[in-house]
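Make a model of the complete structure from these sequences and hints.
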Amino acid sequence: MSALLRYQAALLLRSQRALPPVILYAAFLGIGVQKGQPVLDSLGWAAAALLPVAAWLVRICATNEPSAARSCVAAVAGPERAHLACVTVALVAAVALGAVATVVVTFISDPTSADHRIRVSAARCGVAGLLAALACAFLGTAVGALTTRPLLRSPGRAVPALLICALLALVVTGSPARAAVSALVSGSQTGTVPVPVLPLAGAALLTAAATAVACALTSRR
Amino acid sequence: MGREVRERDRDREPARLRMEGVGRRYGRRGPWILRGVDLEVAPGSLIRIEGANGTGKSTLLRLLAGIDAPTEGRIHGRPRTAYVPERFPAALPFTAAEYLTHLGAVHGLSRPEAADAAGEWLERFGAADHARTPMSELSKGSSQKVAVAQALLAEPGLLVLDEAWTGLDALARGELDRAVAERTAAGGTVVFVDHDPRRLAGMPDVTYAVSEGALESRTGQGHPGADGPYVTVRAQGPHGPRTAEPPAEAVELAVSVEAVEGGDAHRFDVPESRSDALLRALLTARPPWHVLSVEPEAVRVRVPGPRTAQACETESSR
Numbered sequence: 001m002s003a004l005l006r007y008q009a010a011l012l013l014r015s016q017r018a019l020p021p022v023i024l025y026a027a028f029l030g031i032g033v034q035k036g037q038p039v040l041d042s043l044g045w046a047a048a049a050l051l052p053v054a055a056w057l058v059r060i061c062a063t064n065e066p067s068a069a070r071s072c073v074a075a076v077a078g079p080e081r082a083h084l085a086c087v088t089v090a091l092v093a094a095v096a097l098g099a100v101a102t103v104v105v106t107f108i109s110d111p112t113s114a115d116h117r118i119r120v121s122a123a124r125c126g127v128a129g130l131l132a133a134l135a136c137a138f139l140g141t142a143v144g145a146l147t148t149r150p151l152l153r154s155p156g157r158a159v160p161a162l163l164i165c166a167l168l169a170l171v172v173t174g175s176p177a178r179a180a181v182s183a184l185v186s187g188s189q190t191g192t193v194p195v196p197v198l199p200l201a202g203a204a205l206l207t208a209a210a211t212a213v214a215c216a217l218t219s220r221r
Numbered sequence: 001m002g003r004e005v006r007e008r009d010r011d012r013e014p015a016r017l018r019m020e021g022v023g024r025r026y027g028r029r030g031p032w033i034l035r036g037v038d039l040e041v042a043p044g045s046l047i048r049i050e051g052a053n054g055t056g057k058s059t060l061l062r063l064l065a066g067i068d069a070p071t072e073g074r075i076h077g078r079p080r081t082a083y084v085p086e087r088f089p090a091a092l093p094f095t096a097a098e099y100l101t102h103l104g105a106v107h108g109l110s111r112p113e114a115a116d117a118a119g120e121w122l123e124r125f126g127a128a129d130h131a132r133t134p135m136s137e138l139s140k141g142s143s144q145k146v147a148v149a150q151a152l153l154a155e156p157g158l159l160v161l162d163e164a165w166t167g168l169d170a171l172a173r174g175e176l177d178r179a180v181a182e183r184t185a186a187g188g189t190v191v192f193v194d195h196d197p198r199r200l201a202g203m204p205d206v207t208y209a210v211s212e213g214a215l216e217s218r219t220g221q222g223h224p225g226a227d228g229p230y231v232t233v234r235a236q237g238p239h240g241p242r243t244a245e246p247p248a249e250a251v252e253l254a255v256s257v258e259a260v261e262g263g264d265a266h267r268f269d270v271p272e273s274r275s276d277a278l279l280r281a282l283l284t285a286r287p288p289w290h291v292l293s294v295e296p297e298a299v300r301v302r303v304p305g306p307r308t309a310q311a312c313e314t315e316s317s318r
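In the order they appear, the protein sequences are chains A and B. So the first sequence is residues 1 to 221, counted in our numbering. So the second sequence is residues 1 to 318, counted in our numbering.
It should be emphasised that the hints constitute simulated quantities derived from the structure, not laboratory data. Check the hints yourself; a few may be wrong.
What the hints assert, rightly or not - Selected chain A positions facing chain B (in silico; Cβ < 8 angstroms):
(1) Tyr7
(2) Gly78
(3) Phe107
(4) Pro111
Even glycine gets a Cβ: it sits at the ideal position worked out from N, Cα and C.
Structure (structure tokens):
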């Protein structure tokens with residue numbers, strides 16, 4: 001498995017196809033985050049913006065190889081494991097991106113509540129932001145896994161489906177990503193730092209299920 | 001008189017690749033491409049799949065290679081598998097050597113082993129100069145060499161070739177023929193499809209035809225030694241004339257094995273494409289055999305036919 005992961009990671013880095021989503025994420029952060037703003041609000045924004053980026057990264061990893069090359073790897077490692085490696089590399093890339101963003105945002109933001117009256121611990125806010133970012137990276141990965149090969153193969157359907165699902169995952173009540181982000185935002189209003197562990201667990205479970213479905217279908221469709 | 005030794009000891013390895021009632025269709029309502037396919041493959045055998053275009057040959061190979069799962073039925077006992085597609089578009093952001101090293105590692109080789117094997121196989125297919133060339137700059141033939149090399153470099157137990165010869169130059173085609181003989185000699189299974197009916201003529205143990213979604217056996221049409229150029233190897237066993245039995249691997253490769261009467265040597269007739277593998281088997285046997293002579297077989301009664309063109313092709317490629 002480690003050889004597969006290394007191959008997929010090298011493919012992602014060398015192909016430079018990861019650049020557009022990374023630039024998009026930087027642009028999101030440039031729009032929504034400014035120096036001296038309340039830290040929890042900015043972290044909430046950074047986490048929410050990570051979700052569509054993670055979904056896009058999964059799409060890139062899953063479609064990065066020509067199908068003949070994918071067949072060669074599938075014969076050696078099994079199509080399920082090959083697809084699992086694609087999704088895992090995308091998830092790791094999204095988590096790394098989210099971790100960097102969380103650290104940067106925590107450093108440049110003002111460690112106070114939304115009205116700048118109550119001080120909060122920057123370190124604890126960083127942890128909360130990291131948990132929320134993880135939840136969004138997981139859920140974005142689930143969205144990506146369900147809206148690309150093998151479930152949706154024509155880009156004409158897959159890309160709109162990815163965008164709509166990513167948006168829904170952020171706004172629908174009961175979505176772990178929405179729960180994690182709104183925990184940060186409401187924590188910012190009351191001046192308390194939340195620990196969004198439950199949304200993270202939910203997102204991880206959903207992602208595991210979505211990935212399992214996608215991997216099981218790779219050789220069947 | 002000489003002694004014919006032709007039986008193959010098929011039951012040495014317990015794991016056999018088996019397809020049981022395998023069917024495949026794409027989508028939930030699609031037509032059945034294959035249905036009710038039963039196939040049992042002995043280790044060390046070479047299997048040819050024939051059939052007209054669009055009959056499901058490639059689908060069968062993808063099922064055998066484990067790339068696609070059967071819609072119904074089961075496949076058991078698949079060893080470590082490698083697959084060569086007909087076309088290998090090289091839109092990958094690696095050099096040939098980097099790609100092969102990655103694939104070798106996926107096969108389970110260590111990185112240094114994989115890099116060595118990559119260099120060796122590119123050399124064998126005459127593509128050593130392209131090792132540092134980005135895959136996207138390779139010609140169609142050179143990228144097909146990379147596709148073949150990725151399958152061979154880790155000595156898979158099952159090698160699936162879907163028109164793998166297409167696009168290769170004569171030298172590389174001959175090399176692939178030899179590599180196939182080596183794989184089967186080492187106990188690996190090779191399954192292939194090729195549009196050229198002379199491809200590996202005489203070598204397949206079994207030929208199957210796919211038609212109307214079913215698999216028919218054409219065993220007997222091609223058995224080793226039916227055709228193709230031959231080589232006669234004379235070799236001497238380690239401890240005097242009669243005591244030494246020829247190595248089992250060599251016996252398996254040869255069409256006929258005879259003790260030379262009055263002398264202290266054995267005579268092996270072998271299809272030319274397997275001669276290297278036979279010599280390797282003799283020389284690496286424990287204790288090793290001594291090779292006395294290797295000659296093109298002078299006299300052999302053969303049915304003349306269109307397949308003699310194969311001989312010309314193979315010879316000109318040397």
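Hints versus structure:
1. Tyr7: holds (4 angstroms)
2. Gly78: Check passed: Cβ of A:Gly78 comes within 6 angstroms of chain B, closer than 8 angstroms.
3. Phe107: violated (34 angstroms)
4. Pro111: violated (42 angstroms)
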